[in-house]
Amino acid sequence: MAIKFQKQENKNTNSYLVPSGSHVARCYKMVHVGTRDYEYNGEPKKKNSIWIYFELPNELREFDKDKGDQPMSINIEYNLTYYEAAKLFKHVNTWRGKTLTSQEIDDFEIDSLIGEPCMLSVTHNTSKNNGKTYANITGVSALPKGFECPEQVNKSFIWDYDTNFDVVELNNFPQFFIDMIKGTPEWDAKQNELLESELQSEIIKQTNEEDNLPF
Numbered sequence: 063m064a065i066k067f068q069k070q071e072n073k074n075t076n077s078y079l080v081p082s083g084s085h086v087a088r089c090y091k092m093v094h095v096g097t098r099d100y101e102y103n104g105e106p107k108k109k110n111s112i113w114i115y116f117e118l119p120n121e122l123r124e125f126d127k128d129k130g131d132q133p134m135s136i137n138i139e140y141n142l143t144y145y146e147a148a149k150l151f152k153h154v155n156t157w158r159g160k161t162l163t164s165q166e167i168d169d170f171e172i173d174s175l176i177g178e179p180c181m182l183s184v185t186h187n188t189s190k191n192n193g194k195t196y197a198n199i200t201g202v203s204a205l206p207k208g209f210e211c212p213e214q215v216n217k218s219f220i221w222d223y224d225t226n227f228d229v230v231e232l233n234n235f236p237q238f239f240i241d242m243i244k245g246t247p248e249w250d251a252k253q254n255e256l257l258e259s260e261l262q263s264e265i266i267k268q269t270n271e272e273d274n275l276p277f
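In case it helps, my numbering puts the sequence shown at residues 63 to 277.
Simulated from the structure, these hints should not be mistaken for laboratory data. Even glycine gets a Cβ: it sits at the ideal position worked out from N, Cα and C. Do not take every clue at face value.
Capping the alpha-carbon separation at 30 Å, the derived lysine-lysine pairs in DSS-like fashion look like this [to be verified]: (1) K149 <-> K129; (2) K149 <-> K109; (3) K107 <-> K152; (4) K109 <-> K244; (5) K152 <-> K190; (6) K91 <-> K252; (7) K149 <-> K194.
Computed spacing ranges between beta-carbons, pair by pair [claimed, not checked]: (8) A64 <-> K217: 13 to 23 Å; (9) N120 <-> F227: 30 to 40 Å; (10) E101 <-> P81: 41 to 51 Å; (11) K194 <-> T225: 30 to 40 Å; (12) D128 <-> A148: 39 to 49 Å; (13) E105 <-> Q132: 14 to 24 Å; (14) K190 <-> D169: 34 to 44 Å; (15) E146 <-> G83: 23 to 33 Å; (16) D241 <-> T188: 40 to 50 Å; (17) Q132 <-> G83: 11 to 21 Å; (18) T185 <-> K160: 18 to 28 Å; (19) F209 <-> L257: 45 to 55 Å; (20) T161 <-> K127: 39 to 49 Å; (21) K190 <-> K152: 21 to 31 Å.
Produce the complete structure using the sequences and hints provided.
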């Protein structure tokens, strides 16, 4: 099962601040965190959180002397929903250059955008809480005619609760990300599913052993 819209913002965590403005970019990573709590205008809310990552091949920095210059990266957190005003829905439409129809929404796999180039609009915002400046994605659109995006540098990566569920990969995530994922109902449901699968496998194993008894 692929990542799809489900019925029912912006965070930059890089050590180097991505410059504001328009950037040629390529999507290389998606992580479906699951349903988590947040607060909006003082009211408790829930969001089905998916984080999407982009590399900026024209913004190179030396993060590791052994690797030399590498593209900067920026990510955005979306609510995995598709009502008309939803940010993810709007960005997917502007990225593709056309609006998804009702039928296309049901069939569209968001992770099909992995590896696809685009143009990002990045804005700098200063937090009132800590005074720090953050780079936030405010727009995603199709690559303008005549523009080219260099070949992808970062390895494509998808993590979700279906075909791309991997505990080993999860343990490589930052701790705050692991805590977010393990605090979701999707995580609890996956653990129950895995436990049930293990129990069923054990029952089948025991049944086969009994059938092979010489009496």
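Task: Structure versus earlier hints, numbers of those that do not hold, lowest first - done: 1, 10, 13 and 16
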